[in-house]
Every structure is written in structure tokens, then in C-alpha cells.
Amino acid sequence: MSIIEQLVSAVGVPNFGVLIPEIIVLITAFIVFFEELFSKNRILISATTVIGLLLSLLSIFTIKQGDLTLYGLYVVDGFSLLFKLFLLISTIIIVATYRRYFESKDIYFGEFYYLTLFALLGMMIMVSSPNLFTFYVGLELSSITTYILVGMFKTKNKKLKDFDYKSKEGAFKYLIIGGAGTAVISYAIALLYGASGTFDFMEISRAALNDANIGLIAGMVLLVLGLALKAAAVPFHHWAPDAYEGAPTPITTFMAVAVKIATFALILRVMVEAFPFISKDWALVWSILAALSMTVGNFIALRQKSIKRMLAYSSIAHTGYITAALAAPTGMGFAAFIFYTLVYIFMSIGAFAVLTFLEKTEGWNNTFDDFKGLAKRSPLIAIVMLVFMFSLLGIPPTVGFFGKLGVFLALIGSDIWWLAVVLVVMSIISAGYYLRVVSVMYMYEPVKNISFNINGVEKSILILMAVIVLILGIYPTVFWGISTQMSSLLIAGIGR
Amino acid sequence: MELTQIAFWTFSTLAVLSAIGTIFFRNLVYTVLSLISTLIMVSGLFFTMGAELVGALQLLIYAVAIVVFYVLVISTVPEFKGKAVDPKYMLLSIPVGFLIFLELAYVSIYGVWQSNTGIFSPEVIEKIGNAKAVGTMLFTKYLFPFEVASLILLVAMIGAIIIGRKEEKQEAQG
Amino acid sequence: MENLSYLWIVPFAPLIAAIITGLLGYKLLREPLSGIVAVIGVAIAAVASVSGFIHVMQTGGHYDLKLFTWMPLGNYEISVSILWDPLSALMSCVVTVISTFIFIFATGYMRGDESYPRFFTYLSMFVFMMLMLTLSDNLVQLFFGWEGVGLMSYLLIGYFHFKKSAANAAFESFIVNRVGDWSFLIGILLAFVTFGTLDYLDIFAKIPEAEGFVITLIALLLFGGAVGKSAQIPLHIWLPNAMEGPTPVSALIHAATMVAAGVYMVARLMPLFASSSVALDVVLYIGTASAFVAATMGLVQNDIKRIIAYSTMSQLGYMFAAEGLGLFGDGMFHLASHATFKALLFLAAGSVLIGIHHILDVWKMGQLRKYMPITAATFLVGALALAGIPPFAGFFSKDPIIEAAFHINWVVWALLWAGAGLTAFYIFRLYFLAFENGDRLDPHVKSHVHESPPNMTVPLIVLATGAVVLGFFREFFLNFLRPSLDPRVMSEDFVPEKTKILMEEGLSRAHHVHVPEDAVHFLIESLTSPLGILALLTALGGIFFAYIVYQKKVISYEWLGETFKPLYKLFYNRWYFDNIYYAIFVYGYYKFSVFLWKLGDRFIIDGIVDGSAKVSLAAGGALRLTQSGRIAAYVLQMSIGILVFLSIFLIVK
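Chains as they are written, first to last, in the numbering used here: chain A, 1 to 496; chain B, 1 to 174; chain C, 1 to 653.
You can trust all of the hints, since none of them are fake.
Output of the computed footprint for chain B on chain A, the stretches with three or more beta carbons under 8 angstroms from beta carbons of chain B: (1) 71-77; (2) 112-122; (3) 125-136; (4) 142-154; (5) 188-197; (6) 210-224.
Quick caveat, the hints were computed from the structure, so don't treat them as lab data.
All residues carry an ideal CB built from backbone N, CA and C; glycine is no exception.
Please model the entire structure based on the sequences and the hints provided.
In C-alpha cells, the structure reads:
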């Protein structure tokens, strides 16, 4: 009996002070849940969501001191706070685009709001997990919620029947393949637990230092592959195009931005904290995955007719660019990884938000034909889209250039020439489809004469994103400084 | 000792066989039944290893609650016939699966595995019992993941309802 | 050093003006005020530059001011900084002083335009970017400015974005410049990999450590960027079309400053280029070819601004040729004098356009001298300067290049000499057609033609004065630039001894050339030596020929066109560059993509990689989802992936 008494008496009250952002998100989710049940006021629901998110955002700044709490299963440090901050910012922006889009498509459900909040909570857990256990539940919470969100294009409008169908197909593929990914991760966790006797990242790293046997290595490889699946790296990317295309566009944005950066944060933390001593091994796996993702993603994107699907493949290619930084397991590589992840938020939100806003127009399908002559019909949208395309392509003075430059320099710094060359060549190839969007917008006469229904909030979101992309493209120092600092903190955390 | 050995081999063989059945049966009811069989055999494995509580939970939750639910769903959907796996893919998928199996078997055999390192040594377990040990861990150290898991179930339930819900108007229009 | 820290104001005054006009332009300042704010911003920069110029003239040293760190890259920190030496001082004076006059002119030219504040925001922003480029002490800031001026140029060309041709021209300029910029960027990366730094001074110091062919490669890649920016063959096609922008923009960006950035960059990195004679040769031949080809294209154009645009391209070719000959000082001096008289020509053309309501075709003008005497007189001064008639600036800056070429490489000399004759011809063709000659003006327009207001004519007069007197300062400028461009005078901490030895080798090609530096001596020599008289007679011959064809009409131009039909067609179609590019890039790309499409569709993409929904959709029925073979294929590919990755570790280990 004494053992249990010892254990229980050693258990203190968790430090809830550092959990405030998560708690606020959870409470907001339940408030929205009940609001949805009892009141159908749409403005109220979206306002509650946004206010809750804003409060959570503010509460991040009240946390002065990080902590390892909940019995060593939850870590609040600079890295996790940074990513929570950006997750919250991007979610706020995306949620702000929800209502008018869903109403235009006749698919308004209050469920969208609280499911988004649940998914966000899962991601916040993901980025602050120091332990395979926490990481697993966080990942599952966000993944399962996202499967549902993808499949929610349930419209009564007969004209949109195809969308309904595609949404279900995307959700189904995502569910099956995501489930397979979860299975791979489970197997990896089992192997790692068997080989090291622990779930904790730090203790795994110690076990790997003492004896990196085949069980541990195999567990690591499977874990990398499972995470690669969640990040949509080739050859585990098959769910992404269908899910991205099928999902309602704001949800696509959410997947391409929030889910993706949370996954990247998780990947970085697991790799750096749990396997610092076998970094050569995982760097090899990531470099192959990155090269494949860049190549396949870009080549297939070249021949898409739908811009939404093209952006899905571009997102796969970006997984390649970002994870390429992991091929150079150095402080520079991690800094480049964090930097690219953070700046990817803005260009990606921007590009998908353009699609979201345009799609509200009757008969708009996001094909290249639809974009013809956009510059004549809406110069503002055309110019911001141009900024986002250039940034995704990596042309200065947009920030995408520095993202790629950082990765490139990190690779060169570690003498991984072949991957650096692949990166450059693939960036040039990607010009084929990004510039095609631009040329379609600027070089053609409009086919149809449609007026767009875009209000002030939506315009300001677009302008804000474009301005951020440009400002960061001119003065990336602050972000670069943060990324460098985070990467050194993460490396120093090896001996936490 | 001998008895545990025999029990282990019996349960594991049957678990593998039922799993194969789950994949290859065409009739959905058979599939579900072999799934139950697999789960029961796995819970048997837990029993042979002295983890009575986990074994019992496995039996209760999976074999009874979830699979019964599956059967219920299948029986309410009329004429739902499964289709055999596309033979085109079998040519590749069987060897690939087999090779992965070989590799994982190699890992299992040649990997160095840790024994129990926590405070719950077999003696302690014997003293306080399985249920208490699991409960203590679940409600102290692993309380947080446990709570999050409940959230996952909630979300999954909501999702099932949303996706499964029929749109009235759509029905009316035919 | 300490008393030069005020120089930060040079780039940032236009930036502040741009921010003010950008934020408050539409709401508060509106029409005259935002123009005035912009003029004040650039005038402050001009005053500061001139005072810095005087300072460096007295000391001849160089000053490296680090303003702030921009981005740390491992051990190397990229900073925003100002390298103030004679070269950058001269360039920044050229940029700011000429900008000031162009800005003043633009307050008149853009009158009544509805996006007046936007125009000045762009223009101020452009000057800021140009100064960042000029004053940089490292390649990254240079590249930043390089891209920045490109972006602003793009925005300003497309300023009349409601015109389709303007939007297309902007797009074309953007695409063509990207080609050059890729080359430039790769050059920078290669320099970083080779030298481990991007600061000019550190690069200069490390040149002897690097392999010769790497230096050549870096220089050529960087020059690739210059070819794009300065519209040299083969990336020249964007410049004439860029004339769609407002005329002050053409004057500022596409004549005086941005297009000269390539010339400046080569001079700035002179130790790098001079260390590789291959690089110098490439610069020489590209410059010479552009100088000649552009002059021939200019002969047959009918659009007033395009004629001047081709002349810009041709003059930039002369500057590159000078640099390729090893005469960096002459190249930079020609840049300064060209900036003056070319800005003058463009602004005079702008004044004409305002007078006759934007008719661009020279065949629809005539006798404008009667209505616009000041414009006509100043245009004539600019034309004489361009043609290289003494005592105008062009004579003192262009003729020494041609003369020196004779002593170094006679092919180059022949082309440059022929180009000079053609230049004199086409610019006077323009002059006679527009300002003299018969009466072809639309009577309706004629009744409205009048001289432009003082805020447009005063800049013209000032620039015309500059075009007259600048040439006499030739010796002063050459001596002034020496600490930056002559290895014998350069200080040890600017370029170390070892690098100087390498540079001397490259520059030795020009050592036996002795062109008098003093303007008066040069004038006397030109009038006495056969070479000088030949050059002068060529220019006068060009003018005379233009006079008899277009003014006196002794020889009819129709007859000329018929007689030299093949040549005429070649020139008129711009040597078929556009057609060739179209064939290769547009049509070739189309063919190639069709090929890829077929290949991809049939064999790879549809079935396995990209299972788009349409097939299963056609099959119909939501239940089919569960039976779709695609998912099996996907999971199979995933399994193969897992197998391969596991095998890598199990078999290798």
C-alpha cells in the first residue's frame, strides 16, 4: 500500500496557470456547443468563437514562466507558446471567413465552430507534448476532428451536389489513410516504448545515447513515416489532394495552415528532443521524403485545372521545402525550418482566402478559366493573389524567398548539395504553375462578367496578409531572430 | 509454466487466423464475427500475461460494446455486400506486406528490449492488484491524456451524427 | 568618419516621403501637396548627397557605415549599410539630383491624374530602392534594391493599368527581368559559398584565394543580372515596351537610373570583373553588340518614346563597352552625362506629349518649334549631346570610348563608330520630324498646342545647361573616381595588394591607350587627329543625312525604305528577337507541355498518383467510395514506402 500512497502524495496540483490558453479554448468550445443547441443566432456564435480565441491569444502573453506540468506530460516553453500564438492567430483569421462562405454555399452548421476549436485544442496539445502519450492523443484529437470537418460539405442545394460528393470522398480517403498513419505511429510508439522503457522524449534520447539498437531505430523510422503521412509528404500524401479539394474552402485553409504548422512543430520537437543522438539517421529519411515531396508535388501541380487542387499539390511541395531543412540537423537547419513554417502561414492563408472569397460567387469553381481576366474585374484581389503566388514561388521581395533561402543555406552549410540543387530546380519548375495563375489573371480578358461579393473585413484580411508577406520579405530579421532563438532553445532543451 | 506457453500459442495462432478472416471474408457478418474473435484472442493474451484488468476491459469494450454496435449497424443496412479485394493489387500487396512483416519480425527478434522499469514491479502488482495499479496511473500521471481521450470520443460521436444525418429537404426532392 | 553619419538621410528621406504620401496622400495631401512632399524628400537626399560628395572629393577615402543588422546568417551578418566612396557618391548624386528635377517636372506632367498621390508614392519608393542599391556595401542589400527597383518599375509601367498594353508591358518586363535575376541570385549564392561573405570589401580581399574560373563564373552570373536590368542583348526586349508608363517614369527609371544600375554594379564590383579577362570580354562584346543593334532598331521606329528608348539601350551598350575595355572611369562618366541628357530628352518628349495630347507617332507631329520654343531648344541641346557634337556633354563622354576602342580592338571600334553615326541620324530624324519640317499636325490639336508651364520648362532648362557644361568637367570626374576605380590609386584597405595584381592583369588591355583627360586638350586633339575628325564627321554626317531626308526631302524616305527593303524589314522587326523568343518560349513551351501531358496522362499520373474524383464520380453512388480501388492503390504505395525506408535501415545497418 505504501507505494500508492507515496505516488499519490508526490502528486501535486498541476500548474493550471500555464494552461490558461488551452482552458479558454476548451471552455469557448463548450459555450459555442450550447449556444448552437439553444440559439441559432449565427452572429452570436461566430462572435463568441472569435472572442474566446482572442482571450486565449491574450492569455498567452500573461505566461511569464514556462513549466513542465501535468506530471511531466505537458510542457509549456517558448517554442510551444510561439506556435500556440501563431495557431491562434491563424485560426482567428480563418474563423472570420467562415460564416459568409458557408451561407453562400447553404451549408451553415454551428458545428463548424466548435469542431474547429476542438481541433485547435488538439493542435495546442500537440505542440506542447514532451511525451509520446500526450503527442498521440493531441494528434488524434486534431486529426479526427479534421476528418469530420472535411466531410461537412452537406448541402441541400442540388447544384452543389458534386461538392457534397467530393467532400465525402475526401473525408473518407483522409479517414482511411489517416487511420493507417495512426496505426504506423502506434506501432512506432510500441517499438520505442519497448526499446527504451519510457514515453518521455528526454528519456528516449538518453536511451538512444546509451544504446541505439535496431528496435529504437525502427521505431524512429516508423514514427518519422507516420508523421510524414500527417504532414502529407510523398509517398504518404494521397489523402491531401482529395481532402483539400473536397473540404469547404475555409476548412481547406485550416488544414493547410493550422494543421500543417502544428504537425511541423511536433515533428521538430520529437526529432530534436527524442532523437538528438541519432540525428544522422532521421536526417536521411527526411531528406529523401523532402526530395520526393518537392518533385512529385510540383510536377503534378503543373497539370491541375483547378487552382484549389493545384494549391493542394503546392502544399505537398512546401512540405518538401520545409522538411528539407531537417536534412541538415543543425541550429541553422532548425531555424530555417521554424522560419519557413511561420511565414508559410501568411502566404497560405492569403492564397486560400482568395479562393474562399471568390468561391462565394455563383458558378465559380476555382478553375484557371474562372481566373481569366481577374485583374480587370477586381484589381485588388488580383494584386494580392499575385503577391501570394510570388511568395509561394519564392520571388523577392516576398517572404517566401527568405524561407527558401534559409533552407538552401542550411543545406549548403551541411554540405547536402544534392538536396539544395533539387530545391532550386523544383522552385524553378514551380514557377510554371504559380506564374500561370498570374498570367491568367493579367493577360486574359474576363470570360464572364461577374461581380464579387466581398466585404470590408474580407478585403482587410487579404490586404493584411499581403502586407505581412511583403514586410517580412523586406525585413525578416525579427522572425529570423525568433526562429534562431527557438532553435537554440530547443537544442539546449536536450538537457532540460 | 507449460500451461501458459500452450495458452499463449493457442491464443496467438487463433488471433492471427481470425485477423486473416477479417480481411478476406466476403460476408460482412462473418467479417465482424472474426473481428470479435481476434479481439477475444488478444484479450486472452493479456490474461496469460497477468494483465487481468486490461484483458477484461478489452473484452468488455471491444468485444461487447463496439462490435455489437457494428453488427447492429450492418443488420440495419439492407443488402450491404462487401466486395473481394481487387486481385490486381494482391499481386503486389501480399509480397509487400510479407516483406514488412519479415522486417518487423527481424526488429522484434534482434532489438534489445527493456524490462519493466517503473515502480510497479511484479511484486508490487501482486500485492496491490492489477486494477489498483492501472487506476492509480490512469488517475494521476496519465489523467490528462485520459481526459483528452474522452474529448476525442465526444468529437467522434458528434462527427458521426453530423455526417450520418440525412438532410430532410434532399430526401423530399428525391 | 563621424561627420558622415548624417548620410543615412540620403536613402531614408525619399522613404519617409513615400510613407507620408502613401498613408496621407489620398485623404489629406491630395494633388499639389503630395507632389511637393515627394520633391522635398528627394531634394533633402540630393543636398545630403552633394555635401557627402564634396567631403569625399576632399579626402578621397571610403567610409563604411553600418546602420543596422538585417539578418544574421551563421557567422556572417547581413547589415543595412552605406559604403560611401567616390563611385557611390557620384552615383547617388546623379540619382538624387536628376530625380529632383524629374519630380518637379512630374508635378506638372501628372496634373489632374486621379491617382496623383499613388504616383508620387511609387516614385519616392523607387528612389529609396535605387539609393539602397547604390549605397549598399554588400551584395544582399544590392540585390534587395535591385529587386525593389524592379518591382517599382513594374508598378510604374503598369501605372495605367486600365490600358491593356500597359499591363502586358509590365508583365513582360517582369518576366524578362526574372531571367536576369535568377542568374544574379545564383551569382550571389555562389559568391557566398566561395568567399563566405557578401561584403564587397571582404570579397575584394578574398579574390586571390579563389580559383580563377570561379571568379569568372561569379562575374558572369552577376553580369547576367545586369544584362536583364540594363536591357542588353539578349534580354533587351522589355525596355521599348516599358515606355507604356508615364513619361517622367521613362525618364527616371528607363533612362537615367534603374537601367544604369547594371553599369553601376559592374563598376562597383570592378575588382571582381577586372580579375577575369573572360568576364571583361563578355561585358565588352555584349555591350558593343547592344550599342550597334539598338541603334539600328532606333532608325525605323515611329513612336517618339520608343526611339529614345532604343537610344538608351544603345548608350548603355557604350557604357558596358567602356567597362569591358577596362575604362571604368569613362564608363561611369558616360553614365553621368547620359543620365543628364537622356533625362532631358525624355522630359522634353513628355512636354511635347502634354502639348499635343499624347500622340506618340512622330509622323503626326511637325513644326512644334513654333508653338513650344523652349521645349524645342532644350530637345535640340539633348539631341546634340547624344549625337556627340562638341562642346556638348555627349562628345566628351562618348567619343573617348570610341577612340580608345580603336587602340584596343578594331571590330569593337567599327561597331561603336557606326553606331555613333546611326545615333546622330535617328535622333535628328526625330528632331526634324517633330519640331521642324512640314505641317502634319491634326488641325484640331493644333489649336490647343502651347508651351508647357514653368514647373516643366525650368527642369528642362536646368538639365540642358547640365548637358552643355558637364562635359568640361571630364578631368575632374575621372580624377574624382580614381580612388574607387584605379588600382594604382586605391587605398590598401579598400583593395589589398594581391587583388590589385590580379586586377592590373585584366586592366592591362587599356594601358597603352592615352586619351587626353582634360576636356580642352581632348577637344583640340579630336579636331586635329584623323581619328577624331572621322568621328566628328560621322556624327555631322548623320545629322546632315537626316536633314536632307526629313527636312529638305532631297531624298525621299519611301525610296530609301524600298531600296534597302531587307535591312529596313530587319530593323523594323527588331532583328526578329521577339519572334524568335515567341517561337522558342511560348510555342516551345506549349509543345513541351503537350508532350509532358500525354506522357503523364497515359502512363503515370491519372491512374496512380493523382486519383482525381471524376472517374469514381462518373461511376456514381456514394457506396462506391468504399470500393474504390484507388484507396487500395494508395495504401499499397504507402506500404512500399514503409518497406523501402525500413529496408534502408535494416539492410544498411
